[in-house]
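Enquirer: Let chain A serve as the given structure and place chain B on it in line with the hints.
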Amino acid sequence: MTRRPPRLLPCGDTAFTIEFGDAIDADLNAAVLALDAVLAEAALPGVVETVPTYRSLTVHCDPVAVDPAELGQEILALARSDLTPPHAGRIWRIPVVYGGEFGADLDAVAEHHGLSSGDVIARHAEPDYRVAMLGFLPGYAYLSGLDPTLALSRRPSPRPITPAGTISIGGAQALVASIAAPSGWHLLGRTPVRSFMPGRDPIFLLAPGDRVRFEPVDPGRWTVLDEAAAAGELVAERLDG
Amino acid sequence: MSVVLVVLSCGAATTLQDGGRRGYLRYGLSASGPMDCIAHAGANILVGNVADASAIEFGLGGGRFRIEGGAVRLALAGAPCPIRLDGEPVAHHRSLVLREGSELSIDRPREGVFATLALAGGIAVEPVLSSASLHLRAALGGLDGRPLHEGDRLPLAPPPLSGEPECCLDPVPIERDRPIRVVLGPQADRFTEAGIDTLLNAAFTVSNRADRMGYQLDGPEIAHGLGGFNIVSDGTVAGAIQVPGSGRPIVLLADRQTTGGYPKIATVISADLRRLAQRRPGETVRFESIPLREAVRQARERAAAIAELPTRARLVADAPDRLLGANLAGNAVDAFDERD
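In order, the protein sequence lines correspond to chains A and B.
Here the first sequence is numbered in the UniProt record's numbering, starting from 1 and rising by one per residue.
Here the second sequence is numbered in the UniProt record's numbering, starting from 1 and rising by one per residue.
It is worth saying that the hints were derived from the structure and are not from the lab.
Model, not experiment: these values are computed from the prediction.
Among the clues, some could well be false.
Unchecked claim - Label-pair restraints from in silico Cβ distances:
hint: 1; chain 1: B; residue 1: P160; chain 2: A; residue 2: E233; range: 41 to 51 Å
hint: 2; chain 1: A; residue 1: D62; chain 2: B; residue 2: R314; range: 37 to 47 Å
hint: 3; chain 1: B; residue 1: T205; chain 2: A; residue 2: E74; range: 34 to 44 Å
hint: 4; chain 1: B; residue 1: A202; chain 2: A; residue 2: V224; range: 32 to 42 Å
hint: 5; chain 1: A; residue 1: P85; chain 2: B; residue 2: N230; range: 38 to 48 Å
hint: 6; chain 1: B; residue 1: T284; chain 2: A; residue 2: D240; range: 54 to 64 Å
Idealized CB from N, CA, C, for every residue including glycine.
Isolated chain A, as found in the complex:
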């Protein structure tokens, strides 16, 4: 795809967004995460926090300390420079129970793509995903790296509630949901891993830039894993040493 230069979009007097593009694309996201890493290193005065998404970085600033327009131009210049890709990040193995009551849409997704349910599980559990962003609700991890042969537009009508730990796909995106919420995505499975858990240290498991691998596990292991997670164990395994 052709890349246009990043743009500066005003978000009132306390923030601005550096927009790299308007697509879900691993290269765009890598540029976003690279700028995010540069800003974390630079610790520019007046920058309060940054929020990476698939395709943009929102920079929150203190308008008393800095002029947001000037800061925006400064960071836009950084965004247009050669950005070194961020380091690999952490790698997590996340257990998932697929199908049945854990993933109500697995069979329908398989049928839609002319695959067996086992094929869908294998293709979903195959890639190394990158956590492109966390957003919407606390700990909701949006991943890039979904096998394009699984991509499927959202359900015509959302479900009013889907459980915490839902593993789903929507369009070209894959998601690890942290808390129960409505969703129009296709539910493939469920993980006992809490990506967000008040009272546990750390409260948030995943960070933007982390990598994720899904490990299919037997439904018979759900209760043990879920109880361990409820007691505060991570259950996810760190693979990067």
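Expert: Showing chain B alone in chain A's frame:
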């Protein structure tokens, strides 16, 4: 013996808030914090706290309280809620002492939405991620991750009372008749010119779908451009006016979702967030576009006004009678000139 504030009753939207929780937007957690930061700061200053100390926020409600184990200086600021101490009316925007055996009663405000009850020394709950603010959707912060309700016992850590005189502050008006100021963007280019005209010229009404996450507005539909109403999600800020497919704008606020997939036509300036938050369902909202540099100037003036609050507090004995009288009569907001 520890000092405890006992909640005898309170409205549903009664929460603990402090200055808010910074640094977790990248994990999907919005900052929370007071819906009216000047009310929050004012109440805290009146009891000798720092401006962003933890305090109780009421949303279109009030409550009844007692204290056990000591006495505490407290103050209520923001939406003018009638207050009574043992049945006797008291003015808001002033400090007073609640002693063991007395009952403080706060009624639903006559106008506006949010009021803050500050207690000297703040609320001694354990901060979560460095903040006592409740984030309702995340069930995090506040008292056990939830709003207050009847029977709750809030731990306090009041400094000893040493006979300081009571103080009062002039309320900072909400200016209901003036438009809410916005800066266009970040996605104003996703709307037709007519859509932007609608935003800036039509009268909207706060709908019943209004809470700490956001206020949905009723009114004419805002027309999207040819690109439609779906964008790839990007970050949101407090004050972002997102327009979903219905064309009905939603202003995102303190407990908002941190990212969103609808275009955001404009952003309410930070200095006017409290002015919007204090409008009730059914009240009219109009928007006016201003340049970013003017929004920055307003933010700096507001910060200076908050920093000046301690010097603007006056002894109650020195306050003109009209202050107390006006508050009790229910026209406090009109009784004072707009501050410079």
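Enquirer: Against this structure, judge whether each hint is valid.
Expert: Each hint, compared with the structure:
1. B:P160 - A:E233: 41 to 51 Å: holds, 45 Å
2. A:D62 - B:R314: 37 to 47 Å: Given range 37 to 47 Å: violated, Cβ gap about 30 Å.
3. B:T205 - A:E74: 34 to 44 Å: holds, 41 Å
4. B:A202 - A:V224: 32 to 42 Å: With a Cβ separation near 58 Å, A202 (chain B) and V224 (chain A) fall outside 32 to 42 Å, so the hint is violated.
5. A:P85 - B:N230: 38 to 48 Å: This hint is violated: roughly 29 Å between Cβ atoms.
6. B:T284 - A:D240: 54 to 64 Å: About 56 Å separates the Cβ atoms of T284 (chain B) and D240 (chain A), which means 54 to 64 Å holds.
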